[in-house]
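Assembling the complex is the task here: the two chains are given apart, and the hints tell you how they should meet.
One-letter residues, chain by chain:
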Amino acid sequence: MIHLRSLASLRRHLPKLALSAAGILLCLGLFIVLQAERTYRQERIGQLTMQAHILAATVTAALAFDDRAAAGEYVAALGADPSLRAAAVYKADGSLFAGYRLSVALPLPPVLIPGVAPVEKERMIVTAPVIQNGALLGTVYVRILAEPLSRRLQRYGAIALLAVMASLVAAVLGIGQAALARANAELQKHAADLAEVNRMLEQQIEERERVEETLRQAQKMEAVGQLTGGIAHDFNNLLQVILGNLDVMRSRLPPEDNGLGLKLEAAQRAGERAAVLTAQLLAFARRQPLDARPIEINRLVTGMSNLLHRSLGEAIEIRTRLAPGLWWVSADANQLENALLNLAVNARDAMPGHGTLTIETRNLRLDDDDPALSDRLQTSECVAIEVHDTGTGMSPEVIEKAFEPFFTTKDIGRGTGLGLSQVYGFVKQSGGHIDIVSAPGAGATIRILLPRIADPTGRATLAGRAEPIPHGQEQELILLVEDDANVRMIGLEMLRSLGYRVIEAADGHEALRLLAAEPQVQLLFSDIGLPGGLSGRQLADRVRALRPDLPILLTTGYAHHAISQAGGLSPGIELLGKPFTHAALAQKIRQMLEPGSL
Amino acid sequence: MMPDPARIVGMARRRASVAAAVACLITSTAHAEDNPVVAAIEAAYLTKFAAFIEWPPGAPDALCVLASDAIGRLIEQAESKLPADAGPANVRRLQSESPAAECGVLFISDPDRDAAMPPMAPATLVVTDRAAEGRKGVINFVIRDDRVRFEIDDAEAARRGLTISSKLLSLAVFVKPRA
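Line by line, the protein sequences are chains Z and L. Each residue of the first sequence is one higher than the one before, starting from 1 at the first, in this note's numbering. Each residue of the second sequence is one higher than the one before, starting from 1 at the first, in this note's numbering.
In short, the hints are calculated from the structure, not lab data. Source: prediction; values computed, not measured. It is possible that part of the hints are untrue.
[Claimed, not checked] DEER-style ranges, computed between Cβ atoms:
1. L/A155 - Z/Q35: 44 to 52 Å
2. L/V37 - Z/Q35: 55 to 63 Å
3. Z/S95 - L/V37: 15 to 23 Å
4. Z/S83 - L/A155: 37 to 45 Å
5. L/V37 - Z/D93: 58 to 66 Å
[What the hints assert, rightly or not] Keeping only pairs whose Cα atoms sit at most 35 Å apart, straight-line, the calculated DSBU-like set for lysine-lysine is:
6. Z/K410 - Z/K428
7. Z/K401 - Z/K220
8. Z/K91 - L/K176
9. L/K81 - Z/K91
[Claimed, not checked] Part of the chain Z face toward chain L, derived, beta carbon under 7 Å:
10. T60
11. A61
12. A191
13. D193
For every residue, glycine included, the Cβ atom is placed at its ideal position computed from N, Cα and C.
Okay, chain L solo, but in the shape it has when bound (with noise of 0.2 Å):
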C-alpha cells in the first residue's frame, strides 16, 4: 500500500516543530562567510529552492545574492550546475543599495547588517541566512544537528503572492503556517 502523502506531509510537519524547538536551545554564531562548507551547501539549496515555488505571473526571475564575493561565487558555481530551465535564469550580485526589483530570488547573508531591506519586487522569494526574529525572510537557512537546514514562513511567502510546494514545506524544520 502506498502511504497517503498527505500523511507524509503531516509527519513531515511534525518533525519540523519537534525540529524547530531543538532549534532554539542551539546557539550557533557560525554564518556562511565563517564556513566555506556551510556556504557551499547554502549556495547548492539557493539554487535548488525555485523548483519548489511557485510565482505569480510576470514576476522578475533573477537570483540576487546580497552577500560576500565569495558566497556570490560559490553560487554562480552552483547555478552554472543547473540546467538552464531549472531555476533562475541569472545570478545577479546586488549592493546593499542596490534596488532589487528585478529578483525573483533575493539572498541575503548578512543578518547582523542593519540595513534596511532594498526595494524589491513584492513576489520576491527573500531568503535569509540565519536571521534574527524579525528580520527573517520567506526561507531563513539554520543549523540543525551540524547540518544545514531551513524555516518557512509560509504566511509571508502567500503576502508575496508565493506558492511553496508542500514537498519543500516538509523538508522545513519549522514552517509558519498561512493565516
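If we strip away everything but chain Z, and leave its shape as in the complex, we get (with noise of 0.2 Å):
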C-alpha cells in the first residue's frame, strides 16, 4: 500500500519532474552553448597569441634595423588568414613600425602603449612584445574579426537544437503521464460508480427475491388453502348429514336405550370435533362462512377475560393495554375471538411454568409505516390488536412457516397446526393482515390488523352462548332449499324437530314457485350453493324483491364469495355456516323470527 502511494505520488508529481528536467535540459544546453563559445574565445585568443609571438620573433631584426619594408611584409603575410583584420608593429616608443589593414575602413591605433591590449567585444585583439636578447625593440599587434554570430549559432544550433528537442520530449512526456493520470482518475471515479450501480443492482436483486419469495409462500398458502378449503367442505357436508343424522336419532329415542344415548353422545363429540377441524380448515383457506359485523375489539377483548383466564391458568399474568377511543372494524365476533384465544393458548405454550401475555390495541395510520402494506390493506388506517407473550420466542425459519396448516412445533398430539393457519385464514378473509415479530428467547408478537370502517348507528351485539333451545310454532312455516337430499333431509328433521312448519325445495327456481303458491312462509333457510343458475344469494336477491320483509337464512359450508366480505350480507339476511348444530340453528330462526328476543 505503501509502495503504491509512493508511486501515486510520484505519478501526481511527474508533470513538474518534466517540467523541472525540461527547464534543466535548456539549460544545460545554454551552459554548453556558452562553454563552447568561451572555449572557442580562448582557442581563438591562444591562436591568435601564437600568431602575434611569432611575428614578434620574426620582426626583431626589423625593427632592429629599423627595416620597416621588411617588417611591413612581415606583417602583410599574416593577411593569409582570412579573419585576420589589421596587424602591425610598433617601436618601443610606442609609435607605429609598420601595419597591415583588410581595408582603410579599419583604422590601426597610430600609438601602442606597450602593456596595454585594448580590449573589444567582437574584435579579438592581441599584442605581444618584440625582444631581442632581453631588450624591448618593440610590441606586435594583431587584430582579428570574431567569428561571425551567424556562423556561431549554426556551429551551436545543433547542440540547442538536441536540448530544445530533449526538453521537449521530456514535457511532452510530462504532460502525457499528467493526461494519463487525470484519465486514470476519471477511470477509478468510473469504477466506484459502476461498483456503486453493482450495489444497488444488487440490491435491487436481493429486495426482487425476497418480493419473489413473498409471492412464493403466498402462492403456496393459497395452493394449501384451494386444497384443503375443497376437501373441508365435502366433509362439511358428510358431517352435516352424521351430525343431523345423530341429531335426529337421540331425540327419538326412547327413555330406556340401553346405554344406546351415551355411545350417539360420543358419536356426536367425535363429529364435533370434526366440524371444529373442518371449521379451522376452511378458515384458513378463507372460506369459513363469516357474519362480519361492525365490532369494538375492545368491548371484545374486556368480554373474553375470564374465557382466556380459564384458559391460561393462574401461571400466566394477563395484561391488556385497550386504546381509548378505538376505531370500529368490520369482522366475524366469533372467529376473532377465536383467533385471539388461539393466539392466547399458543402463546400459554411458548411459557412453560410463567409468564406475561399482553393484548394491545390501538389505532394505526399505514402511510407512515408501511405504504406496502396500506396498498394490500386498500386503507391506511386499521386498529391493530397486538398479543405479546414472554416466552421462547421463535427463529425466521419458524416464523415462515408458522401459518402453514399442519406446521406445529408443539408434542405430537398437543397441537394440530391449525391454529395459526386458522387464524391467518380468518385475518385475511377479513381483509386485514397479520404478521410475527420474534426471535428465539425474546418472546413473541404476533400482530394482527384490520381495516377501519365508519363508526356504525346501532351497537354490534356480541354473540351469545349456552342460550337454552329455543322451538317454534306449529304455524311458523319455513322453506328450506337444498339441493343435496341427504342435507335436506337433515334439515327438514332438525327444523321439524323445532316445532317449525317445513316446505322443501331442491332448487331455486322450485323455491321461487313454493313462495309463490305459499305466501304464508314466513323464513327462507336456503343452502348458497344451488344448482339450476339460480344461487341461494341470487334467490335471496329475488325473494327480497318479491318479500322485502321476509327473512332469510342462508347457509353454506364453502362461502368464500361475496357474502364473506364485511356487509356483505344486507339487514334481514343471516348466514349459518355449515356445519350447524342443532341448537345453533334453533337459536338463529328465533332471532330472525323475532328480532330483539335474544
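And the structure:
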C-alpha cells in the first residue's frame, strides 16, 4: 500500500518533474553553448597570441635595423588568415613601425603603449612584445574579427536543437503523464460509480428475491388453502349428514335406550370435533362463512377476560393495554374471539411455567409505516391488535412456516397445527393483515391489523353463548331450499324437531314457485350453492324483491364468495355456517323471527 | 593562419636579390665620415649585430673600431644604450697597425685604405662600410633608397665559424650564400 501510495504520489508529481527536467535540459544546453563559446574564444585568443608571438619573433631584426619594408612584408604575410583584420608592429616608443589592414576602413591605433592590450567585444586583439636579447624592441599588434554570430549560431544550432528536442520530449512526457493520471482518476471514478450501480443492482435483486419469496409463500398458502378448503367443504357436507342424523336419533331415543344414548353422544362429540377441524381448515382456506359486523374490539377483548383466565391458568399473567377511542372494524366477532383465544393458547404453550401475556390495541396509520401494506389493505387506517408473550420466541425459519396448516412446534398430540393457520385465514378473509415479530428467547408479538370502518349508528351485539334451545310454533312455516337430498333431509328433520312447519325445494326456481304458492312462509332457509342457474344468494335477492320483510337465512360450508366480505349481507339476511348444530339453528331462526327476543 | 617562417625568409632573399641589383645602379660616394646621420645609424646597427650572430665557443667579444674618432664615439654612445648582456662587452678603438686578436666584431670604416687587414682571430665578424668588391667584410653597409642597409657574405661568415641569424640575413640587401 505504501509502495502504491508513493507510486501514486510520484505519478502526481511527474508533470512537475518533467517540466523541471525540461528546464534543466534547456539550461544545460545553454551552458554547453556558453562553454563552447568561451572555449572557442580562448582557443582563438590562443591562436592569435601564437600568431602575434611568431610575428614578434620574426620582426626583431627588422625592428632592430629599422627595416620597415621587411617588417611590412612580415605583417602583410599574416593577411593570409581570412579572419585577420589588422596587424602592426610598433616601436619601443609606441610609434607605428609597420602595419597591415584588410581595408582602409579599419584604422590602426597610431600609438600603442606597450603592455596595454585594447579589449573589444567583436574583435579580438592581441599584442606581444618584440624582445631581442632581453631588450624590448617594440610591440606586435594583431586584430581579428571574431567568427560571425551567424556562423557561431550555426555551430551551436545542433546543440540548441538537441536541447530543445530533449526538453520538448520531457515536457511532452510530463504532459502525457499528467493526462494519463487524469484519465486514471476518471477511470477510478467510473469504477467507483460502477461499483455503486452494481451495489444498487444487487440490492434490487435481493429485494426482488425477497418479494418473489413472499409471493411464492403466498402462492403456496393459496394452493394449500384451495386444497384444504375443497376437502373441508366436502367433509362439512358429510358431517352435516352424520351430525344431523345423530341429532335426530338422539331426539327419538326411547327413555330405556340400553346405553345407546351415551354412544350417540360420543359419536356426536367426535363429529363435532371433526366439524371444528374442518371449520379451522375452512378458516385457513378463507372459506369459512363469516358473519362480519361492525365491532368494538376493546369490548370484545374485555369480554374475553374470563375465558382467557380460564384457558391460560394461574401461572400466566394477563395484561391488556386498550387504546381509548379505538376505531370500529368489521369482522366476525366469534371468529375474532377464536383467533385471539388461539393466539393466547399458543402464547401459553410458549411460556412453560409462567409468563406474561399482553393484549394491546391501538389505532394505526399505515401511511407513515408501510405504504406497501397500506396498498394491500386498501386503507391507511386500521386497528392493530397485538398479542405479546414473554415466551421462548421463534426463529425466522419457524416464523416463515408458522401460518402453514399442520405446521406445529408442539409435541405430537398437543397441537393440530391449525391454530395459527386458522387465525391467518380468518384475518386475510376479513381483509386484514397478520405478522409476527419474534426472535428465539425474546418472546413473540403477533400483530393483527383490521381495516377501519365508519362508526355504525347501532351497537353490534356479541354472539351469545350457551342459551337454551328455543323452539318454534306450529303455524310458523319455513321454506327449506337444499340441493343435496341427504342434507335437505337432515335440515327438514332438525326444523321439524324444533316445532316448525317445513316445505322443501331442491333449487331456486322451485323455491320461488313454492313461495308464490304459499304466502304463509315466514322464513326462507337456503343453501348458497344451488344448481339450476340460481344460487342461494341470487334467490335471496329475488325473494327480497318479492317479499322485502321475509327473513332469509343462508347456509353454506363454502362461503368464500362475496358474502364473507364485511357488510356483504344486507339487513334481514343472516348466515349460518355448515355444519351447524341443532342449537345454533334454533337460536338463529328464533333471533330472525323475533328480533330483539334474544 | 600563420605564414611559414621559411617562406618569409625566402621572400626576404628574393627581395634582397632585387635590392642588390638596384644597388649596382646607384653610385654613392658618401661615407660615414661625410654624413653624421649615416654614421650614427651605422653605429647603432653595429652594436645590434651581435644579437644575431653566433660565435664559436671561446671567441673574443670586444667590439673593435678601426675608424675616425667621431665614429668611435658614436659607437661608444650606442653601445652604452644597450643592456649589459646585449652585445660585446667593450668597445676598443684600434689603430691601423694594432693587432685585432681580441675583437669579436671589427668595424673598418675606411674603405679607401689600402692597408692590409690587421691580424685578427679567425672568428671575428668584420663589418665594412661601403667597401669595394674584394674588400668587403662579412657585413658591408650600403646605402639603398637613402637608407642604410647592409650586405652579408654568408660564405665568409661560414669560413670564420660564425652563424648569422636568418632574421638578419633576411634584412640584407644582398647575401652571398654559403657554398
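Outcome of the hint check:
1. A hinted range of 44 to 52 Å is violated for the C-beta pair L/A155 and Z/Q35, which are about 57 Å apart.
2. Between L/V37 and Z/Q35 the beta carbon distance is about 58 Å. The supplied range of 55 to 63 Å therefore holds.
3. Distance hint check: the CB atoms of Z/S95 and L/V37 are about 19 Å apart, consistent with the given range 15 to 23 Å.
4. Hint check: Z/S83 to L/A155, Cβ distance near 42 Å, so the stated range 37 to 45 Å holds.
5. Here the CB-CB span from L/V37 to Z/D93 is close to 19 Å, at odds with the stated 58 to 66 Å.
6. Of the supplied pair hints, the one linking Z/K410 and Z/K428 holds, its CA atoms being roughly 24 Å apart against a limit of 35 Å.
7. Proximity of Z/K401 to Z/K220 is assessed by CA-CA distance (about 11 Å); at most 35 Å being required, the pair is judged to hold.
8. Proximity of Z/K91 to L/K176 is assessed by CA-CA distance (about 30 Å); at most 35 Å being required, the pair is judged to hold.
9. Simply put, L/K81 and Z/K91 have alpha-carbon atoms about 16 Å apart, close enough for the 35 Å limit, and the pair holds.
10. Contact between Z/T60 and chain L, as hinted, is supported at the beta carbon level, the nearest pair being about 6 Å apart and thus within 7 Å.
11. For Z/A61, the interface hint holds, since its Cβ comes within 7 Å of a Cβ in chain L; the closest pair sits about 4 Å apart.
12. Against a cut-off of 7 Å between C-beta atoms, the interface hint on Z/A191 is violated, since the closest Cβ of chain L lies about 74 Å away.
13. The beta carbon of Z/D193 is not positioned within 7 Å of any beta carbon in chain L (closest approach about 77 Å), and the interface hint is therefore violated.
When held up to the earlier numbered hints, the structure conflicts with 1, 5, 12, 13 and fits the remainder.
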